[in-house]
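K.L.:
What follows is each chain in one-letter form.
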Amino acid sequence: LAKTTQPISMDSYEGQEVNITCSHNNIATNDYITWYQQFPSQGPRFIIQGYKTKVTNEVASLFIPADRKSSTLSLPRVSLSDTAVYYCLVTSNTGKLIFGQGTTLQVKP
Amino acid sequence: GAVVSQHPSWVICKSGTSVKIECRSLDFQATTMFWYRQFPKQSLMLMATSNEGSKATYEQGVEKDKFLINHASLTLSTLTVTSAHPEDSSFYICSARDNRGRTDTQYFGPGTRLTVL
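Chains Y and U supply the protein sequences, listed in that same order. Position one of the first sequence corresponds to residue 1 (my numbering), numbered consecutively onward. Position one of the second sequence corresponds to residue 110 (my numbering), numbered consecutively onward.
Please keep in mind that the hints were generated in silico from the structure rather than gathered at the bench. Values in this document were obtained by computation on a predicted structure and should not be read as measured data. Among the hints, erroneous ones may be present.
[Said to hold, decoys possible] Restraint ranges, calculated between C-beta atoms of paired labels, are given here:
{"id": "1", "chain 1": "Y", "residue 1": "P109", "chain 2": "U", "residue 2": "S124", "range": "40 to 46 Å"}
{"id": "2", "chain 1": "Y", "residue 1": "I8", "chain 2": "U", "residue 2": "G170", "range": "21 to 27 Å"}
{"id": "3", "chain 1": "U", "residue 1": "R222", "chain 2": "Y", "residue 2": "E58", "range": "29 to 35 Å"}
{"id": "4", "chain 1": "U", "residue 1": "A181", "chain 2": "Y", "residue 2": "N93", "range": "20 to 26 Å"}
{"id": "5", "chain 1": "Y", "residue 1": "E58", "chain 2": "U", "residue 2": "L135", "range": "18 to 24 Å"}
{"id": "6", "chain 1": "Y", "residue 1": "N30", "chain 2": "U", "residue 2": "T140", "range": "16 to 22 Å"}
{"id": "7", "chain 1": "U", "residue 1": "N208", "chain 2": "Y", "residue 2": "R45", "range": "15 to 21 Å"}
{"id": "8", "chain 1": "U", "residue 1": "K150", "chain 2": "Y", "residue 2": "D11", "range": "15 to 21 Å"}
[Said to hold, decoys possible] Here are some chain Y residues pointing at chain U (derived, C-beta under 7 Å):
{"id": "9", "residue": "Q42"}
{"id": "10", "residue": "G43"}
{"id": "11", "residue": "P44"}
{"id": "12", "residue": "Q49"}
{"id": "13", "residue": "T91"}
{"id": "14", "residue": "G95"}
{"id": "15", "residue": "F99"}
{"id": "16", "residue": "Q101"}
Ideal Cβ placement from N, Cα and C applies to all residues, glycine included.
Start from the sequences and build out the full structure, keeping to the hints where you can.
P.N.:
Written out as structure tokens, the structure is:
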């Protein structure tokens, strides 16, 4: 299972774009990269998943370079309600997810 | 995204009793579900992998006789905490694996807060 490394915390202001980068140097050929958001006392919520290049949905974009050793979650125009912990995970063929510390994003007014 | 439910959302029990937590995938079938626990201010810790129709696979350090897992159908997995003690108090979260399409995604339940008195 590929280990992921991401910043422990980040601060931002409302309306700004936030980019959270995650490194996963040991990612395997068939692995996917998945990002989750978690609020206190709730289960993680799926944000986005990708394999390579760029993926975009209604809430975020995910950028993955050609070597796939890192990925960047981009949240456009964050609001106070985006304050949460964000987890970057690598999904292997076993399906098992090993959570790291995640990135605590604090959005300020 | 797919929806996963858990029941109950919170439970308080006396030390020595057993507690059962249900995890259901509501709009898809999941041959594999996972159970996690999370202590305050910490990340999720994988406890076990639950496979429909077979025995669960436990992570190292997790007592299989204490945390009984049953995955009797493609939409339901249960976790029973047997002879619960205060140190078992935690936030238990399940997830269901959706690998029907080209991708492989886990969807999480809302969690169950267990407090053992």
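K.L.:
So, for every hint listed, does it hold in this structure?
P.N.:
Going down the list of hints, with the structure as the test:
1. P109(Y) to S124(U): 40 to 46 Å: About 44 Å separates the Cβ atoms of P109(Y) and S124(U), which means 40 to 46 Å holds.
2. I8(Y) to G170(U): 21 to 27 Å: With a Cβ separation near 25 Å, I8(Y) and G170(U) satisfy 21 to 27 Å, so the hint holds.
3. R222(U) to E58(Y): 29 to 35 Å: Distance hint for R222(U), E58(Y) holds at roughly 30 Å.
4. A181(U) to N93(Y): 20 to 26 Å: holds (25 Å)
5. E58(Y) to L135(U): 18 to 24 Å: holds (21 Å)
6. N30(Y) to T140(U): 16 to 22 Å: holds (18 Å)
7. N208(U) to R45(Y): 15 to 21 Å: holds (19 Å)
8. K150(U) to D11(Y): 15 to 21 Å: Once the Cβ atoms are compared, 18 Å apart, the range 15 to 21 Å for D11(Y) and K150(U) holds.
9. Q42: Hint holds; Q42(Y) Cβ to chain U Cβ min 6 Å, cut 7 Å.
10. G43: Result: holds, 4 Å to nearest chain U Cβ.
11. P44: Holds: closest Cβ of chain U sits about 5 Å from P44(Y), inside 7 Å.
12. Q49: Holds, because the Cβ-Cβ distance from Q49(Y) to chain U comes to roughly 6 Å (cut-off 7 Å).
13. T91: holds (5 Å)
14. G95: holds (5 Å)
15. F99: holds (4 Å)
16. Q101: holds (6 Å)
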